[in-house]
Amino acid sequence: MKIKFLPPFLLCIIIVFSCENDDNDLKDIPYNPQPYVLNLPDIFPQMEVPPDNPLTQEGVQLGRRLFYDPILSADNSMSCSSCHQLQHNFTDGKATSIGIDGIAGNRSAMSLENVGLFYNGIMWDGRFNTLEEQALEPVNNPIELHNDWGNVVEELKADDDYSERFRKAFGIESRDEITKELAAKAIAQFERIIVSSGNSRYDQFLRGDIFPTDSEFNGYDMFFDLSTDTPDAECSHCHNGPLLTTNEYINNGLTPSSDLLDFPDAGRGAVTEYLFDNGKFRVPSLRNIALTAPYMHDGRFQTLEEVIDHYNSGGHYADNLDPLIYNLGLTEQNKEDLLAFLHSLTDTTYLSNPDLSNPFE
Amino acid sequence: MHNILKLTLFALSGISILFISSCTTDEPNGTVNPVDIVFKAMYDDRPLVINERYDLNGKEITITRFQFYISDLALKDGNMDVSINEIDFMDFTQKNISEAAALEGITVSRASVPIGEYDGLKLSIGVPSDLNEYVPADYSSSHPLGLGSEHWAAWNSYIFSKVDGRFDTNSEPTVLEGSIQYHLGTDDMFRKKEFSELDISIKEGAVKTIIIEIDAKKIFENGNNGYLDLATEGETHTNPNEPGQIELATRLADNWLNAIMIQ
Numbered sequence: 177m178k179i180k181f182l183p184p185f186l187l188c189i190i191i192v193f194s195c196e197n198d199d200n201d202l203k204d205i206p207y208n209p210q211p212y213v214l215n216l217p218d219i220f221p222q223m224e225v226p227p228d229n230p231l232t233q234e235g236v237q238l239g240r241r242l243f244y245d246p247i248l249s250a251d252n253s254m255s256c257s258s259c260h261q262l263q264h265n266f267t268d269g270k271a272t273s274i275g276i277d278g279i280a281g282n283r284s285a286m287s288l289e290n291v292g293l294f295y296n297g298i299m300w301d302g303r304f305n306t307l308e309e310q311a312l313e314p315v316n317n318p319i320e321l322h323n324d325w326g327n328v329v330e331e332l333k334a335d336d337d338y339s340e341r342f343r344k345a346f347g348i349e350s351r352d353e354i355t356k357e358l359a360a361k362a363i364a365q366f367e368r369i370i371v372s373s374g375n376s377r378y379d380q381f382l383r384g385d386i387f388p389t390d391s392e393f394n395g396y397d398m399f400f401d402l403s404t405d406t407p408d409a410e411c412s413h414c415h416n417g418p419l420l421t422t423n424e425y426i427n428n429g430l431t432p433s434s435d436l437l438d439f440p441d442a443g444r445g446a447v448t449e450y451l452f453d454n455g456k457f458r459v460p461s462l463r464n465i466a467l468t469a470p471y472m473h474d475g476r477f478q479t480l481e482e483v484i485d486h487y488n489s490g491g492h493y494a495d496n497l498d499p500l501i502y503n504l505g506l507t508e509q510n511k512e513d514l515l516a517f518l519h520s521l522t523d524t525t526y527l528s529n530p531d532l533s534n535p536f537e
Numbered sequence: 071m072h073n074i075l076k077l078t079l080f081a082l083s084g085i086s087i088l089f090i091s092s093c094t095t096d097e098p099n100g101t102v103n104p105v106d107i108v109f110k111a112m113y114d115d116r117p118l119v120i121n122e123r124y125d126l127n128g129k130e131i132t133i134t135r136f137q138f139y140i141s142d143l144a145l146k147d148g149n150m151d152v153s154i155n156e157i158d159f160m161d162f163t164q165k166n167i168s169e170a171a172a173l174e175g176i177t178v179s180r181a182s183v184p185i186g187e188y189d190g191l192k193l194s195i196g197v198p199s200d201l202n203e204y205v206p207a208d209y210s211s212s213h214p215l216g217l218g219s220e221h222w223a224a225w226n227s228y229i230f231s232k233v234d235g236r237f238d239t240n241s242e243p244t245v246l247e248g249s250i251q252y253h254l255g256t257d258d259m260f261r262k263k264e265f266s267e268l269d270i271s272i273k274e275g276a277v278k279t280i281i282i283e284i285d286a287k288k289i290f291e292n293g294n295n296g297y298l299d300l301a302t303e304g305e306t307h308t309n310p311n312e313p314g315q316i317e318l319a320t321r322l323a324d325n326w327l328n329a330i331m332i333q
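Chains as they are written, first to last, in my numbering: chain A, 177 to 537; chain B, 71 to 333.
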């Protein structure tokens with residue numbers, strides 16, 4: 177009997193010894209993740225978080241570091257936060273983004289405000305379904321961070337602080353278990369806490385706390401086609417609900433094209449490979465829209481005035497031009513009112529959440 | 071230790087017995103069969119394909135969006151209803167991208183319908199008033215009522231149906247200048263459809279398939295006077311502040327009832 181038990185016993189000793197000699201071992205660091213409680217405004221939908229990546233304090237804090245850390249780029253010059261800057265409501269303030277090699281892409285950086293709540297695909301063309309999937313892309317993308325995940329993972333493994341944080345967030349037992357997928361999970365957790373605080377003048381008005389100015393109110397009336405006192409501006413049929421988006425893919429008439437094959441950027445069509453989707457892009461949320469110029473998928477409009485002029489013009493024809501886009505016939509006063517309403521969607525209070533700021537500063 | 075374990079096991083087996091027996095009383099083995107109800111969108115006698123050109127009263131038109139809610143889908147056996155589905159969103163905009171896809175249709179399935187003879191089928195177009203009090207934020211995004219695009223906060227209603235399209239206004243056919251937009255909502259536009267004197271026999275064996283066709287062309291009918299004049303009757307959002315829109319929406323809601331046929 178005793179002899180039978182001896183070999184496994186010896187084996188255990190060997191394992192214990194070898195572990196003690198291994199710098200990769202993280203088991204001594206306690207793993208006790210604490211849930212991160214999100215406070216969404218009352219009128220918002222619930223956030224649907226993947227069951228295998230619940231929000232934890234440790235995960236969010238790890239994701240926050242990765243998001244701000246230039247370690248993700250080939251030459252240590254850029255991070256996610258270079259194009260998604262807090263002071264620009266998580267955009268870069270440029271028409272189209274420029275990566276580490278100085279090459280400009282053809283799309284404008286999107287705000288990450290409420291990105292965890294967009295359920296019908298993310299990016300202008302919806303090519304990713306989850307934030308976990310998306311977070312893997314910028315690192316390899318030649319016009320963004322132009323790096324290789326293999327390098328990044330090696331650097332993370334060599335870093336004591338990161339190794340400890342991966343252990344605390346995900347319970348890994350050894351540095352060897354650090355993967356790009358875990359890094360992406362942490363980044364996704366951080367992105368999910370980027371949510372509005374629901375304190376814009378529009379929100380306060382909906383709650384009955386304030387009454388808007390006449391101009392804001394007329395703009396609100398036009399935006400939602402509420403009464404016959406003002407012309408219909410049709411906006412809310414695409415920008416509706418608490419996030420002011422239907423999450424659909426629409427051609428809102430920006431680009432002239434002789435037929436459906438002729439769009440310079442096929443947008444949604446390149447993802448679905450369905451001709452009728454060419455030239456369609458995701459309807460963006462309009463929360464904090466006054467903070468995120470330039471506008472549209474290619475940053476073609478510098479100001480909200482130009483955006484309103486576009487909608488008022490009726491846009492360019494295509495077979496898939498949405499029927500809501502037509503010459504609206506708005507007067508200068510109507511346009512000013514609509515603009516006042518768009519400004520009432522501004523709310524920067526959420527940006528002072530200490531969990532959103534750069535942890536390296 | 072051992073006693074606790076036994077107790078847990080005992081409790082667990084009790085629960086599973088409860089589960090098993092609740093299943094059997096509901097759907098006794100061998101007395102149910104799966105049923106598929108297939109919805110097909112048509113234009114006249116052709117399958118409806120998004121952005122195809124069709125003729126309406128001598129004018130070329132396209133349909134670029136075709137989607138609606140169905141609710142209370144049930145088979146009828148005399149006065150008894152056997153529910154197939156409470157609520158579903160039929161998105162032919164995404165489905166009917168080719169003739170083959172259009173012919174496939176959208177299937178609503180129920181795995182276990184008691185076998186027997188049924189003489190009717192009913193369904194409603196729209197969201198019933200008790201559900202229409204909710205908003206998409208009350209549901210998960212995968213639920214048919216969780217779609218933010220299908221609700222109007224401004225008039226407190228889901229959008230029961232959307233038909234969008236374009237039509238030609240002159241003799242030059244490459245560009246279809248006119249636009250069509252029929253968006254119906256609010257409780258007054260909810261419509262119930264009932265087919266009676268049917269002979270639906272659910273037997274044990276292969277899946278029973280029932281085909282329902284929706285003829286989009288019938289939505290454009292104007293009573294006995296041919297078809298709607300798209301130039302003046304091409305658009306409604308059922309805006310309660312615009313009586314003309316309500317009047318047109320009401321006619322369209324009635325047309326939807328005629329557009330639904332069972333094969």
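To be clear, the hints were calculated from the coordinates, so they are not data collected in a lab.
This one's a predicted model, so the numbers in the text were calculated from it and none came from an experiment.
Any given hint could turn out to be false.
Examples of chain B residues lying across from chain A (beta carbon under 7 Å, computed) [said to hold, decoys possible]:
#	residue
1	Ile167
2	Ala207
3	Ser211
4	Ser241
5	Glu242
6	Val245
7	Asn311
Cβ atoms here follow ideal geometry from the backbone N, Cα and C, with glycine treated the same way.
Right, here's what the structure says about each hint:
no. : hint   : verdict
1   : Ile167 : 5 Å, holds
2   : Ala207 : 4 Å, holds
3   : Ser211 : 4 Å, holds
4   : Ser241 : 17 Å, violated
5   : Glu242 : 12 Å, violated
6   : Val245 : 6 Å, holds
7   : Asn311 : 5 Å, holds
Taken one by one, the earlier hints fail for this structure at numbers 4 and 5, listed in ascending order.
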